[in-house]
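Chains as they are written, first to last, in numbering that gives the first Met the number 0: chain Z, 0 to 262; chain X, 0 to 317; chain L, 0 to 275.
It is possible that part of the hints are untrue.
To be verified - With a Cα cut of at most 25 Å, we get these calculated SDA-like pairs of lysine to any residue:
1) K126(X) <-> F266(L)
2) K99(X) <-> K60(L)
3) K100(L) <-> F8(Z)
4) K105(X) <-> V184(L)
5) K102(X) <-> R187(L)
6) K99(X) <-> V189(L)
7) K105(X) <-> L124(X)
8) K99(X) <-> V181(X)
9) K86(X) <-> E171(L)
10) K86(X) <-> Y128(X)
11) K86(X) <-> R187(L)
12) K100(L) <-> L6(Z)
13) K100(L) <-> L11(Z)
14) K60(L) <-> W44(L)
15) K126(X) <-> G127(L)
16) K214(Z) <-> G82(Z)
17) K102(X) <-> G180(L)
18) K99(X) <-> G180(L)
19) K105(X) <-> V189(L)
20) K214(Z) <-> A63(Z)
21) K102(X) <-> G135(X)
22) K105(X) <-> V181(X)
23) K102(X) <-> M88(X)
24) K102(X) <-> R186(L)
25) K100(L) <-> L18(Z)
26) K99(X) <-> E171(L)
27) K100(L) <-> G117(Z)
28) K100(L) <-> F111(L)
29) K100(L) <-> L66(Z)
30) K214(Z) <-> D240(L)
31) K126(X) <-> E171(L)
32) K86(X) <-> Q168(L)
These are computed hints drawn from the structure, not numbers from a lab.
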Amino acid sequence: MIGRYVLRFGALGYLAFLLLIPVGLIFYRTFEHGFQPAWEAVTNPQALHALWLTLIIAAIAVPANTLFGVVLAIALVRHRFPGRGLVNAVVDLPLALSPVVVGFSLYLLYGTGGWLGGLSEHGIKILFALPGMTLATIFVSLPFVVREVVPVLREIGTDQEQAAETLGAAPFTTFRRITLPAIRWAVCYGVVLTTARVIGEFGAVSIVSGRIEGKTETLPLYVQSQFEGFNTTGAFAASVVLALIALTTVLAMRIFRPKEGVA
Amino acid sequence: MGITVVEVTKQFGDFVALDDVSVAIPEGSLTALLGPSGSGKSTLLRVIAGLEEPDRGQVLLGDDDVTHQPARARGVGMVFQHYAAFKHMTVWENVAFGLKVRKRPKDEIRTRVHELLELVQLEGLAKRYPAQLSGGQRQRMALARALAVDPEVLLLDEPFGALDARVRKELRAWLRRLHDEVHVTTIIVTHDQEEAMEVAGQIVVINQGRVEQVGTPRELYDSPANEFVMSFVGPVNKIGDTFVRPRDISLTLEPEGECAEAMVERVVHLGFEVRAELVRHDGQHLIAQLTQEEAQALELERGLIVYVRPSRQTVFTR
Amino acid sequence: MASNAAVSVRAPGAVLGRAGGALARGIAVCYLSLIVLVPLAALIWSSRSQGVQSFWDEVTKPEALAALKLTLGAALLVAAFNAVTGTAIAWVLVRDSFRGKGFFNAVIDLPFALPTIVAGLVLLELYGPNSPFGVDLAFQRAGLVLALLFVTLPFVVRAVQPVLLELDQEMEEAAESLGAGRIAVFRRIVFPNLLPAILSGVALAFARAVGEFGSVVLISGNIPFKTEVSSVYIAGQVESDNPAGAAAVSVVLLLISLGVLLLIGAFRHWRTQHDR
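Extracted from the complex, chain Z is given alone in its bound form (with noise of 0.2 Å):
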């Protein structure tokens, strides 16, 4: 039985080296030189407005995600039309598919030159603005919501459904009533996921928004921008309002997430 024993260590003590010491250094980080410069370093105007912004962002960006989430779900579950498998695939892509490049592809289609530079000059900005980075941040965090509602649908079936409409429920209301209470918690946990997608968001927001300090700076450009100013103090308390924000996630997953994952 020495195997089982061997394994189960194996396997914690990676986790361990992995992940809870490195979380654990961002605290002991930021607070060894005591508490006040830490705090200033996350209460200063710069630092304010990137978490600002960030929230900005996230409060745009999630709910976007979870209405056409929603849509998009039923879309693909309850109705065949030509076209489904590319709905899918596009869907999973962002899964996929480098930060960066999808901020890149955002700064040609939006830049001088491209096909929506245009609106630029009619005093429309995108990038290096509030619109692009949100426009970033929805696509790389599309498909939450999404995945986690087409299993529940597709799961429950229809049955209900048409049991309120022989019931004389209109289509409206049967979504209302049957359908939306279903998913509910499928659309919590989709929530979340995306929630902390949005505000982890790096690579794409990078590219997209020129990093230009106190105006285009997120919480996570603002940790880069404080740490290759050599304020690693700085960077190590932003660093803790995001790693908290990660643990309530993560805590929030656990608490959401459905039945067939382990308890």
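Keeping the supplied structure of chain Z fixed, place chains X and L upon it in accordance with the hints.
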């Protein structure tokens, strides 16, 4: 090879699955472990198989104490309720598995698998996958697989439970014939008393981790050891402390001897048998069973007043 | 872009009503196109705009090639390593039981939840010049691999866990009763049934590793020909105002991503083949 179970006790946490169970299974017999859900019959089978270790007691295969030997060393063949088919292997590969694991030569494997597939009548399906077979076919494959390694003992855990009624009946008869041919000591676990009575030569009735009675189907039916066995093995009317089989309730149109008045509430025609649901004048409900002729002679129908008398009854001393 | 040719299946599930459904579908497809398809189309167009020769030149530039080779090599290595460790971790989390299992199970999600730049920063602190362990993996391929191992951890684990949970343990018991030892049971029964899930996880891990940016950009030092991966190369090309170079390599990465998605689809199909 006979099997002897000596004072086996097995607990799961607070739950006592087997309580001081001792059973002797004669060599070459087909024995049924019969009992309701949760009675411990499957646990007993798994202890004999070596998939569970008892907390106390011994298991002997022949003369050997195998209590602490794991399943793979015992040479038992096992068949599971939900087939446990290796779904990623073909039928042929499934049956060949035990032989491959023992590193038998290829020719031997080929001959043996072919032989067994013929025995279980699955020759044409060797290249199929379990998912492509019906439930009955999967179970026959599982039997072939278990027999492939020439086990001393064959253990079947509710093998027909997942199949529909007609297939179940077919496979029961088929199992009996197979046993007549192959003569391996076989134990079958079932909660279906009809199945046990039909298939087994000896039945062990188990309830709440204890053996209630061991005997032939006839012995269990005619001389049940206690109330549990009597009511489990067939339908029974409980009148106070007395137990009467439906068949043993005689109905007459006129009072005859010591009898009670009753009214027919419902008549059910079950083919060649007729079941009458009666209520006695004192409120006691009874079920009587008659042949078609008997029912016709009485002109049995709902609302008829009859006189009931047990022609045979059993009382158990506590 | 609107789905006027759509055929909705009537009684089984026209949840939003036929007209409402078509409208919703249309809007959803527009959304997808605007967000994903149009930008990618712009990318592909841009890479072709200077002609195939120019595309090829950019892709085969020594620095670009070196980055690509390193990216693919590191991703393959990390994916293979995860195949083993991920399966082992999933096994321990499903089959073993010990206090704190729930904690370790939750912790697997950390690399997903933590921003990559933070992960990169932390790994640099732990294994770079300031390392309390006395190692210095910064500006080295080892550092790169370490960062990739961090971000790809969850993929194989989470892919294998549900399959392992659902696995019919009676199959293993049957194999045991037929004489198979523990290793034989794993090799012949458990592993073949886990393989499609492992491969799906590996494919996702590979794709993630190929595209990874935030966690490697600090610890690897981005030294051309040594520790520069393709994603960093692309960012560099953007900064040095060579969009053609960036576009060419981007298209290569895009093609790799599409290839991986196809593979995953194939594995999913394979997995459901043997199901009851």
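A quick look at each hint next to the structure:
Between K126(X) and F266(L) the CA atoms are separated by roughly 23 Å; this keeps the pair inside 25 Å, and the hint holds. A threshold of 25 Å between alpha carbons decides the hint, and for K99(X) with K60(L) the separation of about 54 Å lies outside it, so the pair is violated. Our distance criterion of 25 Å between C-alpha atoms is met by K100(L) and F8(Z), whose separation comes to about 12 Å. Of the pairs offered as hints, the one joining K105(X) and V184(L) holds, with about 20 Å between alpha carbons and a cut-off of 25 Å not exceeded.
Restraint check for K102(X) and R187(L): the C-alpha separation of about 14 Å stays at or below 25 Å, so the hint holds. A hinted pair counts as satisfied when its Cα atoms are at most 25 Å apart, and K99(X) with V189(L) qualifies at roughly 17 Å. The straight-line distance between the Cα atoms of K105(X) and L124(X) is roughly 20 Å, inside the 25 Å bound, and the hint therefore holds. For the hint linking K99(X) to V181(X), the alpha-carbon distance of about 22 Å falls within 25 Å, and the restraint holds.
Our distance criterion of 25 Å between C-alpha atoms is met by K86(X) and E171(L), whose separation comes to about 12 Å. About 7 Å separates the Cα atoms of K86(X) and Y128(X), which keeps this hinted pair within 25 Å; it holds. Taking the CA atoms of K86(X) and R187(L), the gap is near 11 Å; set against the 25 Å cutoff, the hint holds. The hinted pair formed by K100(L) and L6(Z) meets the criterion: a straight-line CA distance of about 14 Å does not exceed 25 Å.
Proximity of K100(L) to L11(Z) is assessed by CA-CA distance (about 10 Å); at most 25 Å being required, the pair is judged to hold. Taking the CA atoms of K60(L) and W44(L), the gap is about 20 Å. The hint holds against a cut of 25 Å. As the CA atoms of K126(X) and G127(L) are separated by approximately 58 Å, the hinted pair breaks the 25 Å bound. In summary, the hint linking K214(Z) to G82(Z) is not supported, as the alpha carbons are separated by about 40 Å, beyond the 25 Å threshold.
Pair hint K102(X) plus G180(L) holds up; C-alpha atoms about 13 Å apart against a cutoff of 25 Å. A distance of roughly 12 Å separates the Cα atoms of K99(X) and G180(L); the hinted pair therefore holds under the 25 Å criterion. Between K105(X) and V189(L) the CA atoms are separated by roughly 24 Å; this keeps the pair inside 25 Å, and the hint holds. Taken as a hint, the K214(Z) and A63(Z) pair is honoured in the structure, with Cα atoms around 23 Å apart against an allowance of 25 Å.
Between the alpha carbons of K102(X) and G135(X) the distance comes to roughly 29 Å, so the proposed pair goes past 25 Å and is violated. Of the supplied pair hints, the one linking K105(X) and V181(X) holds, its CA atoms being roughly 24 Å apart against a limit of 25 Å. Proximity of K102(X) to M88(X) is assessed by CA-CA distance (about 18 Å); at most 25 Å being required, the pair is judged to hold. Of the pairs offered as hints, the one joining K102(X) and R186(L) holds, with about 15 Å between alpha carbons and a cut-off of 25 Å not exceeded.
Between K100(L) and L18(Z) the alpha-carbon distance is near 15 Å, which keeps this suggested pair within the 25 Å criterion. Proposed proximity of K99(X) and E171(L) is supported: the alpha carbons are some 16 Å apart, at most 25 Å. A hinted pair counts as satisfied when its Cα atoms are at most 25 Å apart, and K100(L) with G117(Z) does not qualify at roughly 56 Å. Of the pairs offered as hints, the one joining K100(L) and F111(L) holds, with about 19 Å between alpha carbons and a cut-off of 25 Å not exceeded.
With a C-alpha separation of about 35 Å, the suggested pairing of K100(L) with L66(Z) is violated against the 25 Å cut-off. Taking the CA atoms of K214(Z) and D240(L), the gap is near 22 Å; set against the 25 Å cutoff, the hint holds. At roughly 22 Å between alpha-carbon atoms, K126(X) and E171(L) fall within 25 Å of each other, so this suggested pair holds. At roughly 12 Å between alpha-carbon atoms, K86(X) and Q168(L) fall within 25 Å of each other, so this suggested pair holds.
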